[in-house]
Every structure is written in structure tokens, then in C-alpha cells.
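K.L.:
Okay, here's what each chain looks like letter by letter:
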Amino acid sequence: MNQTNHWLIRVYTKSLALYPRRFRADFADEMQAVFNLRVKDVAGQGVVSLLKLALRELIDLPLTLLTLYARERRMSIMQKQLNRWFIHEPGSWQEVLLACLPFLVLFLFPGVFSFPGVEESVPVAIGLGLLGLLVLTLAVLGIAGLLVRLPRWALPYAGVLITGVVFLVLILSGTSSLFHGGLSAPWWLRMLAFDIISLGAMVVTMILLIWIAQKIPLTRDFFGQVQKDWSLFSFAMYGGAMVLVLGMYEDISGAGLYILVTAVPLFLGVWAYLRTQALHWRIIAMFLAVTLSMGITLLANLQLKDWVSPVEFTIGALDINRSVLSILLTWFLAVTMLFIPMILPRIPFSKPARENMV
Amino acid sequence: MALDPQDFLPLREPTFFILLSLANGRKHGYAILKEVESLSNGKIVLSNGTLYGALTRLMEQGLIERLPDDETPAPGLPRKAYCLSQNGSAVLDAEISRLENMLSRARLPVAEETQ
Numbered sequence: 001m002n003q004t005n006h007w008l009i010r011v012y013t014k015s016l017a018l019y020p021r022r023f024r025a026d027f028a029d030e031m032q033a034v035f036n037l038r039v040k041d042v043a044g045q046g047v048v049s050l051l052k053l054a055l056r057e058l059i060d061l062p063l064t065l066l067t068l069y070a071r072e073r074r075m076s077i078m079q080k081q082l083n084r085w086f087i088h089e090p091g092s093w094q095e096v097l098l099a100c101l102p103f104l105v106l107f108l109f110p111g112v113f114s115f116p117g118v119e120e121s122v123p124v125a126i127g128l129g130l131l132g133l134l135v136l137t138l139a140v141l142g143i144a145g146l147l148v149r150l151p152r153w154a155l156p157y158a159g160v161l162i163t164g165v166v167f168l169v170l171i172l173s174g175t176s177s178l179f180h181g182g183l184s185a186p187w188w189l190r191m192l193a194f195d196i197i198s199l200g201a202m203v204v205t206m207i208l209l210i211w212i213a214q215k216i217p218l219t220r221d222f223f224g225q226v227q228k229d230w231s232l233f234s235f236a237m238y239g240g241a242m243v244l245v246l247g248m249y250e251d252i253s254g255a256g257l258y259i260l261v262t263a264v265p266l267f268l269g270v271w272a273y274l275r276t277q278a279l280h281w282r283i284i285a286m287f288l289a290v291t292l293s294m295g296i297t298l299l300a301n302l303q304l305k306d307w308v309s310p311v312e313f314t315i316g317a318l319d320i321n322r323s324v325l326s327i328l329l330t331w332f333l334a335v336t337m338l339f340i341p342m343i344l345p346r347i348p349f350s351k352p353a354r355e356n357m358v
Numbered sequence: 001m002a003l004d005p006q007d008f009l010p011l012r013e014p015t016f017f018i019l020l021s022l023a024n025g026r027k028h029g030y031a032i033l034k035e036v037e038s039l040s041n042g043k044i045v046l047s048n049g050t051l052y053g054a055l056t057r058l059m060e061q062g063l064i065e066r067l068p069d070d071e072t073p074a075p076g077l078p079r080k081a082y083c084l085s086q087n088g089s090a091v092l093d094a095e096i097s098r099l100e101n102m103l104s105r106a107r108l109p110v111a112e113e114t115q
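Chains as they are written, first to last, in my numbering: chain A, 1 to 358; chain B, 1 to 115.
No wet-lab data here; the hints were simulated from the structure. Check the hints yourself; a few may be wrong.
[To be verified] Cβ-Cβ distance ranges computed for the label pairs, FRET-style:
| hint | chain 1 | residue 1 | chain 2 | residue 2 | range |
| --- | --- | --- | --- | --- | --- |
| 1 | A | 299 | B | 7 | 24 to 30 Å |
| 2 | A | 339 | B | 108 | 30 to 36 Å |
| 3 | A | 148 | B | 93 | 26 to 32 Å |
| 4 | B | 25 | A | 277 | 40 to 46 Å |
[Said to hold, decoys possible] For lysine-lysine, the following DSS-like pairs were computed, each having C-alpha atoms within a straight-line distance of at most 30 Å:
| hint | chain 1 | residue 1 | chain 2 | residue 2 |
| --- | --- | --- | --- | --- |
| 5 | A | 40 | B | 43 |
| 6 | A | 52 | B | 34 |
| 7 | A | 215 | B | 27 |
| 8 | A | 14 | B | 34 |
| 9 | A | 52 | A | 40 |
| 10 | B | 34 | B | 80 |
| 11 | A | 52 | B | 80 |
| 12 | A | 52 | B | 27 |
| 13 | B | 80 | B | 43 |
| 14 | A | 52 | B | 43 |
| 15 | A | 14 | B | 27 |
| 16 | B | 27 | B | 43 |
| 17 | A | 228 | B | 43 |
| 18 | A | 228 | A | 215 |
| 19 | B | 80 | A | 215 |
| 20 | B | 80 | B | 27 |
| 21 | A | 14 | A | 40 |
| 22 | B | 80 | A | 40 |
| 23 | A | 14 | A | 52 |
| 24 | B | 80 | A | 14 |
Even for Gly, the Cβ is constructed at its ideal location relative to N, Cα and C.
So that you can see chain A by itself, here it is in the shape it has in the complex (with noise of 0.2 Å):
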């Protein structure tokens, strides 16, 4: 082999230090081989074959090396992701709290307000103001965490927003009151309805987000996970259920303390969900804090409430009147939109176009 050949091989070998270090561990040894064969082939054939040689490898190096470093920063973030959402790491305390403060801040304000005489004490537009600035953190969070391509604490600020749509075009669509009091139908059979249709809305809704998410980059890693982890889209509705057992203190007077204590199993439940590995464990969790904290819920309306509404019928030992029924179908609601997501991954929503090129 003559001097030119020597250096035009010295010089590829240098070059393989461009390529990036992943590429260059797999591939630089096969790589400086298959040159030196080709080297070999045209040495007989004239520098001007050895020149066309390395001209080729010059003039394509640079789309090359694009391509590759692309590639490599791509599969850095996807892998920064897969550890983030489907290896399901243990959250760290960072996380736990930043995923438990809309609960902490929903459960907190009112339940401090309902202590018997605090309401009072405390001027209105200071309660206001408060009330505005936990409202405006929360939207802060929820949007850092859209920017930040919706981590696992960002969920349930999703599930609060979601949940909270969907009830005010209920409300403002005249949809609540008709079923409320406008209808003639019993009462029961009104509210059973109006559950039947809040949880529809909140199925369409889902589905509805689900698909958008694949559309919009910067939700289109989060429907890739959820595809593969549907759990972390009950994650997110366990916020929403959050908002519904908040709702039955509405015309409780006095709940303080039951609206604090019923916050701690749902703390609980956000914690185990971001510790646990086993998909079933986190959604027993989530199941077992829900329906907790119903159970503080109605035991505060049968200690607290004015009971306006007669009993109407007894099942076992309980007296069902229009709150506990409430109650209970509320408690449906929010544990069926905990198990709503399974049906995500059979969904045939579009794949994600796959990159074909040299």
C-alpha cells in the first residue's frame, strides 16, 4: 500500500471522531474496516479513483453527520421520557409535593374557611384575593407543566382543568338545572341521569383530549405514554375526582376539619401512585383513596347537614335520601373516571408517522 492510500486512511480515521460517541462505540471499528477494503479495491485503479473515493465520503459527511447527531438527540429525550413516564420510577418528594399542591391548595382554603367563625372574622375581598391567588398558582403549575411536556406531577392539574370544564358547560348549557328541577321524572332517576350524562361528557371529553394530545407536540410524548401507560391518564382524572368530593361540602356549613382530614387519604393516594411500580397497586391506590375519602364526605353530611330532604328509601342500614345518593353516584363517577383510561390503548387512534429516509 503506497503513501496516499496510508493517508487517506489516516485521515478517514480521524474523521471518525465526528461522528457522535454512541454511533462511533458501534460502529467506527466495521466502519474503518469496510474503508480500508475499499481503499484496497481502487488503489490499483489510479489516483483519480482514490480521489473519487474520498471525495464521496466528504461530500456526503456533513448530511450525515446531521442526520445522526438528529437521531441521537432524539432518542436522548426519548429516553429521558421513558424513564420519566414508563419505567415508572419512584417519584421523588419534589414530585410527590408538586403533584399534591392543587390538593393541598383546593382542600386547604375552603377548609380552613369552614372552621365555625373564621368565614366571618376574615373580610370578603381578602378571602377573595386569596382565593385568586391560589387559583392563578395553580394555573402558573398547570401551564409550566404543559411547557414542560406534562410530567407526572403536571397530571392531576390537567384532571382538575378537565373536570372543571366539563362541569361549567354543564352548568352554563342549562343541563344542570334541567336535570335539577326542570324535568317532571322522580328525583332519583333525575339524578342517576345527570350522573349518566356527566360521565359520558367526561368520556367524550377524554377521548376528545386523547386525540388532540397526538396532534400537538407538545402533548404528543404524553400520547404515546398514555398509550403504553394508560394509568397515567387516571392519574391525571384523579385530580378531576378530587373536585367532585370537594363539590359534596358545598352546602355543608361548619366541615372545616372533615374537609382536611378527607384531603389526607388523597394525599395518600397521590403519594402511592408515584412510589408503586405495579400498575395494579397504583390504581387500587387511587381507587382506595377516592372511595376513602368519599367515606369521610358522607359521614359529614349525615353528621353536619340539615337533612331538607326526607328519607326516602333504606338499603341494609343505610337511609338514602337525596345527599347520600348524591354521594354515592358521585363516588361511581369519580372511580369510574379512574378506570375509564383502560380503554385508551384499544382506541385506533393514528400512528405517528414514521421517518423513511437515507
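For chain A, the structure is supplied; the task is to place chain B on it using the hints.
P.N.:
Only chain B this time, still in chain A's reference frame:
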């Protein structure tokens, strides 16, 4: 996992020839280069960078597989070889069918004209 071959179509010419070169068995990088050149009548001469960039991508897509180290390679040849996976064969078949279909459609008006 079985993939839908249609998701990968149409293949670009170099990709098609790389898969085609592996259709009749495992090959090292150097043999793939030679086969691609021969199959394309010398029209496609891949650079090393392009070849290995394409091989990485095809492995990621599950269309080809890298075989374990060849214990007794021919002198100077790399120890690694590549072969088509089941998905790769399916994609190659689908692309060949697509090309055949295109050709038959293209020939139809010509045949009608000559009759």
C-alpha cells in the same frame, strides 16, 4: 412485534437496495455496498457514512438485525453481519408489489396504444 409494512412505503432507492441486498442472506457492510452497487447497475454507490447511518436507522425500525460477532471472519472483513428481519422482509415484499403495480399501470396505456 408485527408492523404494518405500508407505514414504511414508499422506500427511498438506497433503502430499497440495501434491503434487497440482504434478501438472499446475511452480509457484512462491505458486501452490502458491493451488492447495492451491482443491483443498481453502478448507479448507487453509497458512502460509508450513508451506509452505516441507514443501517442504524433500519435496525431501530426493526427491519434488519445485526448478528453476533463472526468468530472466523475472512481477513480484513468486519466481524459483524446484518440480515433482514421478518418485518424487513414484509416491507421489502410490499415495496416490490407497489413497484410492480406501478409498472403494470404504466404499461397499460402503452400496450393499448400498440394494439
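K.L.:
Please verify whether residue 14 of chain A and residue 52 of chain A have alpha carbons no more than 30 Å apart.
P.N.:
holds, 19 Å
K.L.:
Sort out whether residue 43 of chain B lies within 30 Å of residue 228 of chain A, counting only the CA atoms.
P.N.:
Since the Cα atoms of residue 228 of chain A and residue 43 of chain B sit roughly 43 Å apart, the hinted pair is violated (cutoff 30 Å).
K.L.:
Starting from the range 40 to 46 Å, see whether the pair residue 25 of chain B and residue 277 of chain A falls in it by beta-carbon distance.
P.N.:
Check passed, 43 Å falls within 40 to 46 Å.
K.L.:
Take the C-alpha atoms of residue 14 of chain A and residue 34 of chain B, compute the straight-line distance between them, and say whether it is at most 30 Å.
P.N.:
Given that 30 Å is the threshold and the Cα spacing comes to 24 Å, the pair holds.
K.L.:
Would you say the C-beta atoms of residue 299 of chain A and residue 7 of chain B sit inside 24 to 30 Å of each other?
P.N.:
Violated, at about 55 Å.
K.L.:
Can you confirm whether the C-alpha distance between residue 52 of chain A and residue 43 of chain B stays at or below 30 Å?
P.N.:
Roughly 14 Å between the alpha carbons, so the hint for residue 52 of chain A and residue 43 of chain B holds.
K.L.:
Hint says 30 to 36 Å; check whether the CB-CB distance for residue 339 of chain A and residue 108 of chain B agrees.
P.N.:
violated, 55 Å
K.L.:
Please work out if residue 52 of chain A and residue 80 of chain B have their alpha carbons no farther apart than 30 Å.
P.N.:
Cα-Cα ~27 Å, so holds.
K.L.:
Holds or violated: residue 215 of chain A and residue 27 of chain B, Cα atoms, limit 30 Å.
P.N.:
violated, 40 Å
K.L.:
Regarding the pair residue 52 of chain A and residue 27 of chain B, is the alpha-carbon distance no greater than 30 Å?
P.N.:
Status holds; Cα separation ~25 Å.
K.L.:
Does the alpha-carbon distance linking residue 228 of chain A and residue 215 of chain A stay inside the 30 Å limit?
P.N.:
At roughly 17 Å apart (the allowed maximum being 30 Å), residue 215 of chain A and residue 228 of chain A satisfy the hint.
K.L.:
Straight-line Cα separation of residue 34 of chain B and residue 80 of chain B no greater than 30 Å?
P.N.:
holds, 16 Å
Hint compliance for this structure: hints 1, 2, 3, 7, 17 and 19 are broken, all remaining hints hold.
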